[in-house]
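Going line by line, the protein sequences match chains C and V. Taking the numbering used here, the leading residue of the first sequence gets 59, the next gets one more, and so forth. Taking the numbering used here, the leading residue of the second sequence gets 24, the next gets one more, and so forth.
Note that these hints are calculated values from the structure, not bench results. Backbone N, C-alpha and C fix where the C-beta goes; we use that ideal spot for every residue, glycine too. Certain hints may be false.
[Said to hold, decoys possible] Derived DSBU-like pairs: lysine-lysine, alpha-carbon spacing no greater than 35 angstroms straight-line: (1) V:K60 - V:K91; (2) V:K91 - C:K115; (3) V:K81 - C:K136; (4) C:K100 - V:K65; (5) C:K136 - V:K60; (6) V:K45 - V:K81; (7) C:K136 - V:K65; (8) C:K136 - V:K80; (9) V:K60 - V:K80; (10) C:K141 - V:K60; (11) C:K141 - V:K130; (12) V:K45 - V:K80; (13) C:K100 - V:K45; (14) C:K115 - V:K130; (15) V:K130 - C:K136; (16) V:K60 - C:K100; (17) V:K130 - V:K45; (18) V:K45 - C:K115; (19) C:K100 - V:K91; (20) V:K65 - V:K80; (21) C:K100 - C:K141; (22) C:K100 - C:K136; (23) V:K94 - C:K115.
[Claimed, not checked] Some chain V residues flagged as far from chain C (calculated, every beta-carbon gap over 12 angstroms): (24) S35; (25) T47; (26) G64; (27) G78.
Letter by letter, the chains look like this.
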Amino acid sequence: EPEVTQTPSHQVTQMGQEVILRCVPISNHLYFYWYRQILGQKVEFLVSFYNNEISEKSEIFDDQFSVERPDGSNFTLKIRSTKLEDSAMYFCASRSLGYGYTFGSGTRLTVV
Amino acid sequence: GENVEQHPSTLSVQEGDSAVIKCTYSDSASNYFPWYKQELGKRPQLIIDIRSNVGEKKDQRIAVTLNKTAKHFSLHITETQPEDSAVYFCAASTRGYQKVTFGIGTKLQVIP
Chain C
59 EPEVTQTPSH
69 QVTQMGQEVI
79 LRCVPISNHL
89 YFYWYRQILG
99 QKVEFLVSFY
109 NNEISEKSEI
119 FDDQFSVERP
129 DGSNFTLKIR
139 STKLEDSAMY
149 FCASRSLGYG
159 YTFGSGTRLT
169 VV
Chain V
24 GENVEQHPST
34 LSVQEGDSAV
44 IKCTYSDSAS
54 NYFPWYKQEL
64 GKRPQLIIDI
74 RSNVGEKKDQ
84 RIAVTLNKTA
94 KHFSLHITET
104 QPEDSAVYFC
114 AASTRGYQKV
124 TFGIGTKLQV
134 IP
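Next up, chain C with everything else stripped away, as it sits in the complex (with noise of 0.2 angstroms):
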């Protein structure tokens, strides 16, 4: 079965570093989007992407993030100067055309 796969897996930056998390998405799929979980929290939606541009972005999502998908695989959450409170759990999805998402394993951020 495709999978989305994300690396890394877990990720320690001190706060105010700049830090990417990367996906590649399964290989058909046209829509991408990136959520995060703190621990022992609802699963947010930070930002979808489609056609090379982001299509909705939440609040969540400020100045401090930026998405990319540089070669036509990858597919890059980046955080420029890192807070405490972005520690959490990132998680990037795709769909196709259909209704079903699929997850990729996620990135544990841990900001110190």
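On the provided structure of chain C, position chain V as indicated by the hints.
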């Protein structure tokens, strides 16, 4: 935007009993309602979904019901087993590339 309410937040049942989790949504345009199971430290995995043109759907021990008039939908798990223990999230979305909005999650514990 869409708001999904979910209850209960925790649910303990004896093995073999049934479990019911209920959700409501606010956006009448939502027409896709997936349910995800998340085991500790893992990604959300789709277990069943229902679309607005269907009132009920069943897959072995799992069933979902949808009442579009009342804007609520429910997950029913029968003959629960210890491996059903996990956090279950309901969600709502529209077709196309729209985001999925998650409920707060229900931690289900099945007691052997």
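Non-interface claim for G64 of chain V: all C-beta distances to chain C beyond 12 angstroms?
violated, 8 angstroms
Restraint check for K115 of chain C with K130 of chain V, where alpha carbons must lie at most 35 angstroms apart
Between K115 of chain C and K130 of chain V the Cα gap is close to 28 angstroms, so the pair holds against 35 angstroms.
Verify this label for me: G78 of chain V is non-interface relative to chain C, using a Cβ-Cβ cutoff of 12 angstroms.
It holds; G78 of chain V is separated from chain C by about 17 angstroms at its closest Cβ, greater than 12 angstroms.
For the pair we were handed, K81 of chain V and K136 of chain C, check the Cα-Cα distance against 35 angstroms.
violated, 40 angstroms
With a cut-off of 35 angstroms on the C-alpha distance, tell me whether K136 of chain C and K80 of chain V pass.
violated, 39 angstroms
Taken at face value, is the distance from the CA of K115 of chain C to the CA of K91 of chain V at most 35 angstroms?
holds, 27 angstroms
Classify the label on S35 of chain V as holds or violated, using whether its beta-carbon is more than 12 angstroms from each beta-carbon of chain C.
holds, 17 angstroms
Does the structure keep K130 of chain V and K45 of chain V at a Cα separation of 35 angstroms or less?
Status holds; Cα separation ~13 angstroms.
Between the alpha carbons of K45 of chain V and K115 of chain C, is the straight-line distance 35 angstroms or under?
holds, 27 angstroms
Can you confirm whether the C-alpha distance between K60 of chain V and K100 of chain C stays at or below 35 angstroms?
holds, 12 angstroms
Is the hinted pair K136 of chain C and K60 of chain V satisfied, with a Cα-Cα distance of at most 35 angstroms?
holds, 28 angstroms
Hinted pair K60 of chain V and K91 of chain V, Cα distance within 35 angstroms:
holds, 23 angstroms
Hints 3, 8, 26, counting from the list given before, are not met by this structure.
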